[in-house]
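Work out the full structure, taking the sequences as your base and the hints as a guide.
Count the sequence shown with the working numbering and you get residues 1 to 266, in order.
What the hints contain is simulated information worked out from the structure, not anything from laboratory work. Model, not experiment: these values are computed from the prediction. We treat Cβ as the ideally placed atom computed from N, Cα and C, and that holds for glycine. Treat the hints loosely; a few may be bogus.
With a Cα cut of at most 30 Å, we get these calculated DSSO-like pairs of lysine-lysine [stated by the list, open to error]:
hint, residue 1, residue 2
1, Lys146, Lys264
2, Lys143, Lys192
3, Lys90, Lys192
4, Lys50, Lys143
5, Lys192, Lys87
6, Lys151, Lys90
7, Lys143, Lys87
8, Lys50, Lys90
9, Lys264, Lys111
10, Lys90, Lys264
11, Lys50, Lys151
12, Lys87, Lys146
13, Lys146, Lys90
14, Lys50, Lys111
15, Lys111, Lys192
16, Lys93, Lys151
17, Lys111, Lys146
18, Lys264, Lys50
19, Lys87, Lys264
20, Lys93, Lys192
21, Lys87, Lys151
22, Lys264, Lys143
23, Lys50, Lys192
24, Lys146, Lys93
25, Lys50, Lys87
26, Lys50, Lys93
27, Lys264, Lys192
28, Lys264, Lys151
29, Lys93, Lys143
30, Lys151, Lys111
31, Lys146, Lys50
32, Lys143, Lys90
Label pairs and their computed distance ranges (CB to CB) [what the hints assert, rightly or not]:
hint, residue 1, residue 2, range
33, Asp243, Ser32, 13 to 23 Å
34, Asn94, Asn209, 42 to 52 Å
35, Pro122, Leu144, 37 to 47 Å
36, Asn94, Glu40, 11 to 21 Å
37, Pro37, Lys143, 21 to 31 Å
38, Pro147, Asn94, 35 to 45 Å
39, Asp188, Ser32, 17 to 27 Å
40, Ile169, Phe30, 29 to 39 Å
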Amino acid sequence: MIDFFNSLLRHDVFPVYGLGGQSNAEGRIFASDLSSPYNEPQPGVEIFFKPDGTSSDNGEWQTLHGGVNTSYRQEDLRSGIETFLGKALKEYKNSEIGILKCAKFSSMLAKWNTTSREDWAPDSAGEMYQRSREWFHAPAIAKLEKPFDLKCYIWIQGEADASTQGVSINAHTNYEANLTAYIASVRDLYEKPNLPFIIVGLNDIIEPNYPGYATVRAAQEAIAANDPNVYLIDTEGFSFQSDNLHYDVLGLQQIADAVFEVIKDF
Numbered sequence: 001m002i003d004f005f006n007s008l009l010r011h012d013v014f015p016v017y018g019l020g021g022q023s024n025a026e027g028r029i030f031a032s033d034l035s036s037p038y039n040e041p042q043p044g045v046e047i048f049f050k051p052d053g054t055s056s057d058n059g060e061w062q063t064l065h066g067g068v069n070t071s072y073r074q075e076d077l078r079s080g081i082e083t084f085l086g087k088a089l090k091e092y093k094n095s096e097i098g099i100l101k102c103a104k105f106s107s108m109l110a111k112w113n114t115t116s117r118e119d120w121a122p123d124s125a126g127e128m129y130q131r132s133r134e135w136f137h138a139p140a141i142a143k144l145e146k147p148f149d150l151k152c153y154i155w156i157q158g159e160a161d162a163s164t165q166g167v168s169i170n171a172h173t174n175y176e177a178n179l180t181a182y183i184a185s186v187r188d189l190y191e192k193p194n195l196p197f198i199i200v201g202l203n204d205i206i207e208p209n210y211p212g213y214a215t216v217r218a219a220q221e222a223i224a225a226n227d228p229n230v231y232l233i234d235t236e237g238f239s240f241q242s243d244n245l246h247y248d249v250l251g252l253q254q255i256a257d258a259v260f261e262v263i264k265d266f
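Here it is as structure tokens:
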């Protein structure tokens, strides 16, 4: 009897899954790349969608539809792992779930001092750190109108800090400290000191063109090794597009499957 009532209580709380990072978090596939059922609306999977160029309070919770409301850039709508992961979680949990996604192509974790590239540094006014809170977190929670529980935060990023530009400002050598601080800030924001944080690891396919790859990848491994609530997804062997930088449909599905196995019982 207790288990029955506990299950009812759990279903009263809306489970939300955070997702952030750069282009591979945003996704580099279009709706036309998806096949059924992923190119159709997914009832029971909600995503907070705010089109680019609109006011910060313009976002709304919508039924997830891959390539339609899975990227904030209206002119170039893309789809990422949420299109696959959301469906898997909804079916496994047999309940509605929410995706809170904020990602931007080429965004660096370290502070970049020109407007040519946005970053996630807390003191970069109007950029990703602030945007993720003011455009997504605050209005998403305000418009949810029901109790929620952030189950985990998924981070797909690191290429920018491993790039030649990143290496030029030591973003690669500072990656461990910067990501550790970012994880702490997310946990503080949601008042969950042990919030599970999922790092999708850099793939060595990028190494020839990204001189900081080994350092950033080692930082990701060190953080996961030192924090029992940080999980590292190994992407070796996953499928890429011809640019050897962005995951294709199969690669994003592989990431979603790997993440699902880690977080399904959170």
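The hints, checked one at a time:
1. For the suggested pair Lys146 and Lys264, the alpha carbons sit about 22 Å apart, so the restraint of at most 30 Å is met.
2. With a C-alpha separation of about 21 Å, the suggested pair Lys143 and Lys192 falls inside the 30 Å cut-off, and the hint holds.
3. Between Lys90 and Lys192 the alpha-carbon distance is near 23 Å, which keeps this suggested pair within the 30 Å criterion.
4. Of the supplied pair hints, the one linking Lys50 and Lys143 holds, its CA atoms being roughly 12 Å apart against a limit of 30 Å.
5. A distance of roughly 25 Å separates the Cα atoms of Lys192 and Lys87; the hinted pair therefore holds under the 30 Å criterion.
6. At roughly 13 Å between alpha-carbon atoms, Lys151 and Lys90 fall within 30 Å of each other, so this suggested pair holds.
7. Taking the CA atoms of Lys143 and Lys87, the gap is about 22 Å. The hint holds against a cut of 30 Å.
8. Proposed proximity of Lys50 and Lys90 is supported: the alpha carbons are some 22 Å apart, at most 30 Å.
9. The straight-line distance between the Cα atoms of Lys264 and Lys111 is roughly 34 Å, outside the 30 Å bound, and the hint therefore fails.
10. For a cut-off of 30 Å, the pair hint linking Lys90 to Lys264 stands: about 10 Å separates their Cα positions.
11. Distance check on the hinted pair: Lys50 and Lys151 sit about 22 Å apart at the alpha-carbon level, within 30 Å; holds.
12. Proposed proximity of Lys87 and Lys146 is supported: the alpha carbons are some 21 Å apart, at most 30 Å.
13. The suggested pairing of Lys146 with Lys90 holds, with an alpha-carbon distance near 18 Å, which does not exceed 30 Å.
14. Distance restraint check for Lys50 and Lys111: the Cα-Cα separation of roughly 25 Å lies within the 30 Å cut-off, and the hinted pair is therefore satisfied.
15. Taking the CA atoms of Lys111 and Lys192, the gap is near 26 Å; set against the 30 Å cutoff, the hint holds.
16. Taking the CA atoms of Lys93 and Lys151, the gap is about 13 Å. The hint holds against a cut of 30 Å.
17. With a C-alpha separation of about 36 Å, the suggested pairing of Lys111 with Lys146 is violated against the 30 Å cut-off.
18. Taken as a hint, the Lys264 and Lys50 pair is honoured in the structure, with Cα atoms around 27 Å apart against an allowance of 30 Å.
19. Under the criterion of a C-alpha separation no larger than 30 Å, the hint pairing Lys87 with Lys264 is consistent with the structure, at around 12 Å.
20. The suggested pairing of Lys93 with Lys192 holds, with an alpha-carbon distance near 22 Å, which does not exceed 30 Å.
21. Distance hint between Lys87 and Lys151 is fulfilled; the C-alpha atoms sit about 16 Å from each other, no more than 30 Å.
22. For the suggested pair Lys264 and Lys143, the alpha carbons sit about 25 Å apart, so the restraint of at most 30 Å is met.
23. Taking the CA atoms of Lys50 and Lys192, the gap is about 25 Å. The hint holds against a cut of 30 Å.
24. Only pairs whose Cα atoms come within 30 Å are accepted, and Lys146 paired with Lys93 is accepted, the gap being roughly 18 Å.
25. With a C-alpha separation of about 21 Å, the suggested pairing of Lys50 with Lys87 holds against the 30 Å cut-off.
26. Our distance criterion of 30 Å between C-alpha atoms is met by Lys50 and Lys93, whose separation comes to about 26 Å.
27. With a C-alpha separation of about 18 Å, the suggested pairing of Lys264 with Lys192 holds against the 30 Å cut-off.
28. Our distance criterion of 30 Å between C-alpha atoms is met by Lys264 and Lys151, whose separation comes to about 10 Å.
29. Restraint check for Lys93 and Lys143: the C-alpha separation of about 23 Å stays at or below 30 Å, so the hint holds.
30. A distance of roughly 28 Å separates the Cα atoms of Lys151 and Lys111; the hinted pair therefore holds under the 30 Å criterion.
31. Between Lys146 and Lys50 the alpha-carbon distance is near 20 Å, which keeps this suggested pair within the 30 Å criterion.
32. Note on Lys143 and Lys90: the hinted pairing holds, with a Cα-Cα distance of about 21 Å set against a maximum of 30 Å.
33. Checked against the given bound of 13 to 23 Å, the beta carbons of Asp243 and Ser32, roughly 18 Å apart, stay inside it.
34. Roughly 44 Å separates the CB atoms of Asn94 and Asn209, a value that falls within the hinted 42 to 52 Å.
35. About 25 Å separates the C-beta atoms of Pro122 and Leu144, a value inconsistent with the hinted range of 37 to 47 Å.
36. In this structure, Asn94 and Glu40 meet the distance hint of 11 to 21 Å, their C-beta atoms being roughly 20 Å apart.
37. Distance hint for Pro37 and Lys143: a CB-CB separation of about 27 Å, consistent with the stated range 21 to 31 Å.
38. In this structure the hint that Pro147 and Asn94 lie 35 to 45 Å apart at CB is violated, the actual value being about 18 Å.
39. At roughly 40 Å, the beta carbons of Asp188 and Ser32 sit outside the given window of 17 to 27 Å.
40. The hinted window of 29 to 39 Å between Ile169 and Phe30 holds, with their beta carbons roughly 33 Å apart.
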